[in-house]
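Listed in order, the protein sequences are those of chains A and B. Mapped onto the numbering used here, the consecutive letters of the first sequence carry residue numbers 895 to 1028. Mapped onto the numbering used here, the consecutive letters of the second sequence carry residue numbers 109 to 276.
I should point out that these hints are in silico values taken from the structure, not numbers from a laboratory. Predicted, not measured: the structure shown is a model, and the values here were computed from it. We put the beta carbon where it would ideally sit given N, CA and C, even for glycine. Hints may be right or wrong, so weigh each one.
[Unchecked claim] If the Cβ cut is set under 7 Å, some of the chain B residues that face chain A in the computed set are: (1) A146; (2) V218; (3) E228.
[What the hints assert, rightly or not] With a Cα cut of at most 30 Å, we get these calculated DSSO-like pairs of lysine-lysine: (4) K970/A - K230/B; (5) K1017/A - K970/A; (6) K230/B - K276/B; (7) K969/A - K153/B; (8) K276/B - K243/B; (9) K230/B - K967/A; (10) K172/B - K970/A; (11) K230/B - K172/B; (12) K254/B - K970/A; (13) K969/A - K230/B; (14) K967/A - K234/B; (15) K942/A - K976/A; (16) K198/B - K153/B.
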Amino acid sequence: MPKASISDNGIVYRAIRSSGWIDENNNVALAAFVLRESDKGELSILLKANCVLRICSAGLKSCWGEILLNVEKVKKLNLEIKPAPLSHSPDHAVILNLPLPENFIEAERMATLLVDSVESVHKKPEKYGQKLQL
Amino acid sequence: MTSNAGFKFNNSLSGNSIVTDFDTGQSVTLEELAHRTAEREIQRKVISLNESLRDENWRIIESKLDTLLDEEYDEDFLPPTDFAFSSVKKLLLSINNFLGYEMSIPAFIVPDGEGGVRIEWKVNNKHLRLALSEKRMYLYFEHNSKYNGIPDFNAEQLVEKLRWLNQK
């Protein structure tokens, strides 16, 4: 399957891994943009997001929606966006050049800058609705 | 004559009458006692208000902490370990008790997906972040593009940074 293209004026999507990443006013936790050791230097994103309740484009078992990022703003931070070479999904991509977790001061600073690239947030209403009912 | 208000009349009633202040055992004028009683009442109300705010703060913080237990986790996004969860809870409880009304409610308390917990505060464009896991713990703080961090922080350093957060 051909890889989706990454347009400079486009949008990429960061999966919301924790319901707590987004507050009731759609503010985004910086946690969404700090690399973990298991990320191996690559922040996982999607080029398209067609997630529904039971099927996640990124193949994640637990996903609460997507954070929409402006590609141009991301690239202005000297970050690189590339398709994920080893992924089974053509929509899977990664943000490169983020500071590694051991350099936590720069990693946190970059998260502050990266959150300014957020265009909007798409929360899966079904999932957040379920959480409210719990 | 003994009143119910914590003092005893020593002679006739006037502003200059000498009475015993039961709280201190001192003999003072009625006027002075009235002044002291009013001050103590204010102090009691301040303490009571501080305790109410402290308890309300903790109720909100604990509720945010408990959402960590309701999250969905999988092999790629792990829940906080017992160590991380209990360490953060103990730390926040003791600091909330210490700071009282000065304690800021975190904007986010979230799992880091690798067994740790992250806490994020943002007040007046000041950022304070805490990360705690079995592998690493740190504080990060930022204001107007100036930023720094403290690895392996202690409770005193966190208190200092929480007070900094509220300084104008």
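Violated hints, by number in ascending order, as checked against the structure:
Violated hints: 1, 7, 8 and 10; rest satisfied.
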